Amino acid sequence: MGFIVEARNLTKVYEGGVLAVDHISFEVEEGEVFGFLGPNGAGKTTTIKMLVTLLKPTEGEAKVCGYDVVRKAHEVRKSIGIVFQDPALDTELTGRENLDYHARLYGMSSDTRKRRIEEVLELVELTDRADDLVKKYSGGMRRRLEIARGLMHYPKVLFLDEPTLGLDAQTRRAIWRYIRRLNEEEGMTIFLTTHYIEEADELCDRVAIIDHGRIIALDKPSNLKDVVGRDVIYVKSSDDLKLAEALRSENWVNKVRVGEELAVYTSSSEKRIPLIFKVAQEVGVEIESINMKKPSLEDVYIYYTGRKMRDEEAGPVDRIRMLRRRRLS
Amino acid sequence: MRSDMQAIYVMWLRQVKRFIRAKSRLVGNLFQPLLFLAAFGFGFRGARFTGIPTTVSYLEFLAPGMVVMSVIFSSMFAGISVLWDRQFGFLKEVLVAPVRRISIVIGKTLGGSTIALIQGFIILAASVAMGVRVSALGVVACIFLMILVAFSSVGFGLAFASRMEDVHGFSLIMNLLIMPAMFLSTAFFPLQGIPEAFKLVIYANPVTYEVDAVRQVLIGVGYIPLWADILVTLGVTCLTIFAGAYLFSKCEA
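If you read the sequences in order, they're chains A and B. Residue 1 is where the first sequence starts when you use this note's numbering, and the numbers rise one by one after that. Residue 1 is where the second sequence starts when you use this note's numbering, and the numbers rise one by one after that.
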């Protein structure tokens with residue numbers, strides 16, 4: 001088999017004709033941490049929902065653990081764990097009860113259940129709060145409990161949809177630590193979506209950058225950044241198009257991209273900044289600001305799309321979601 | 001199969017646990033039927049109605065209706081609670097588990113009915129404490145009928161919840177459906193002396209048959225043959241349970 005998740009031309013068109021996922025194909029290898037990076041509305045959650053059998057693809061197919069997500073939905077469900085983007089806990093129950101009910105739904109025997117509950121509680125450091133009602137938990141604790149629950153039944157692959165959305169920086173780091181530990185100690189394959197650049201960079205073995213329902217790049221984070229070049233210089237000027245034109249003919253420039261700002265991909269940028277000024281002067285363009293940085297995955301995103309990866313205009317649902325999360329934490 | 005049995009148990013246990021923990025909800029659910037029972041039962045004590053035998057007090061006439069009302073209220077609420085499960089995400093956790101939807105429906109129905117039966121029983125006990133005379137056999141028959149009423153109401157609530165987008169429709173149902181269904185039945189008044197057109201509405205209301213059946217087994221007063229009451233109630237129960245199960249199996253998280 002080799003691949004634990006395989007998607008071929010996976011497509012989802014919602015009622016009303018909205019194309020959320022547009023013929024994407026990818027494979028996830030066993031034991032890796034695979035990430036979908038992209039802005040809100042790029043199709044990440046829709047893709048996950050298709051992979052975990054909650055949505056039927058309009059076109060194309062996907063296999064999880066070798067089982068077709070439509071025809072063998074039951075087998076897929078048995079072999080996966082999932083942490084949804086929105087909280088999915090029963091807050092009127094205790095943490096332990098949430099885990100116990102989950103284990104029962106997955107048909108685990110009484111002994112295994114008890115042992116595994118202790119194990120996963122230990123892993124996410126919630127042992128001493130296990131018998132409190134979940135409504136008394138903080139946002140970070142709830143998230144940890146959900147991750148623990150996703151692991152209960154020894155899934156072969158764990159899906160995490162925006163695992164740290166709305167959490168503070170410290171809690172986010174802690175969640176990253178658990179995810180890494182899971183992957184290393186339990187050897188679990190992890191599929192996560194995120195719109196946080198550092199999260200993808202920090203956690204993922206391979207990242208697929210997704211935009212408007214399409215995968216625009218897929219590789220190791222370091223390889224993706226290599227494509228961009230060693231450095232990026234962002235320039236704002238009185239005439240970006242004209243300056244871009246002039247810079248393209250310089251042999252030290254790998255690529256120039258005109259977007260919200262002018263992105264100049266090059267190496268040893270410290271030495272290149274004076275050259276940019278010189279070129280600008282020659283063609284009579286005035287430079288307003290200039291900014292140089294080592295490339296991150298954000299720069300990779302800009303490289304392929306010409307846009308920054310900030311959130312697309314948040315719809316009402318997203319806004320409610322953010323509010324709810326904030327209230328919970 | 002094992003996880004399906006467990007799913008039924010989990011759905012049942014979860015509801016019972018939530019019920020036991022939310023004491024304020026229990027008080028809220030019982031308040032209305034108890035208020036009606038006390039206010040109307042004692043308030044109309046001196047009144048005489050055509051159609052109610054003189055040996056039966058209005059309180060005794062009213063009690064079966066209030067038992068049915070509390071069962072309908074709490075079991076329909078249990079069915080509709082799927083809406084909250086969807087709103088707060090728990091539904092997804094259940095839908096993605098390797099269990100059949102029908103097990104979830106069965107568990108939900110059993111859980112909602114258990115709670116409803118407990119509440120119906122409390123109202124029945126309160127009625128007896130207020131002076132309503134019932135036979136032991138009547139109570140046994142009443143339990144059987146309460147189960148039917150509970151099943152049909154959970155099914156109805158489930159069907160509704162599966163079609164509704166969010167929780168806003170909930171109060172609408174409560175106000176536009178359940179209260180009229182109670183008032184346009186024989187729960188509060190006898191069938192005698194009512195205008196013909198109004199009678200048609202009452203006959204078209206399934207609650208009429210449920211109340212009539214419970215009243216016959218508890219205090220021996222009724223306006224429709226018992227077999228007809230039971231037949232209609234059984235039919236309605238089957239219908240709503242199937243509708244609830246079908247629509248729930250179609251709904252997406």
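The set of hints was computed from the structure by calculation and includes no laboratory data. Quantities reported herein were computed from a predicted structural model and do not represent experimental measurements. Incorrect hints may appear among the rest.
[Said to hold, decoys possible] Quick list of the computed label-pair ranges, beta carbon to beta carbon:
| id | chain 1 | residue 1 | chain 2 | residue 2 | range |
| --- | --- | --- | --- | --- | --- |
| 1 | B | 2 | A | 135 | 48 to 56 Å |
| 2 | B | 49 | A | 138 | 56 to 64 Å |
| 3 | B | 102 | A | 216 | 39 to 47 Å |
| 4 | B | 192 | A | 135 | 35 to 43 Å |
| 5 | B | 251 | A | 8 | 45 to 53 Å |
| 6 | B | 24 | A | 74 | 34 to 42 Å |
| 7 | B | 129 | A | 135 | 32 to 40 Å |
| 8 | A | 291 | B | 168 | 43 to 51 Å |
Glycine included, each C-beta is placed from N, C-alpha and C at the ideal position.
Verification of the hints:
Distance hint check: the CB atoms of residue 2/B and residue 135/A are about 31 Å apart, inconsistent with the given range 48 to 56 Å. Against the hinted window of 56 to 64 Å, the Cβ-Cβ separation of residue 49/B and residue 138/A comes to about 59 Å, which satisfies the hint. For residue 102/B and residue 216/A, the Cβ-Cβ distance of about 43 Å falls inside the hinted range of 39 to 47 Å, so the restraint holds. Separated by about 52 Å at the C-beta atoms, residue 192/B and residue 135/A break the suggested range of 35 to 43 Å.
Here the CB-CB span from residue 251/B to residue 8/A is close to 28 Å, at odds with the stated 45 to 53 Å. Between residue 24/B and residue 74/A the Cβ separation comes to about 40 Å, which falls inside the hinted range of 34 to 42 Å. One distance hint, 32 to 40 Å for the beta-carbon pair residue 129/B and residue 135/A, holds here, with the actual separation near 35 Å. The hinted range of 43 to 51 Å is satisfied by residue 291/A and residue 168/B, whose Cβ atoms lie roughly 48 Å apart.
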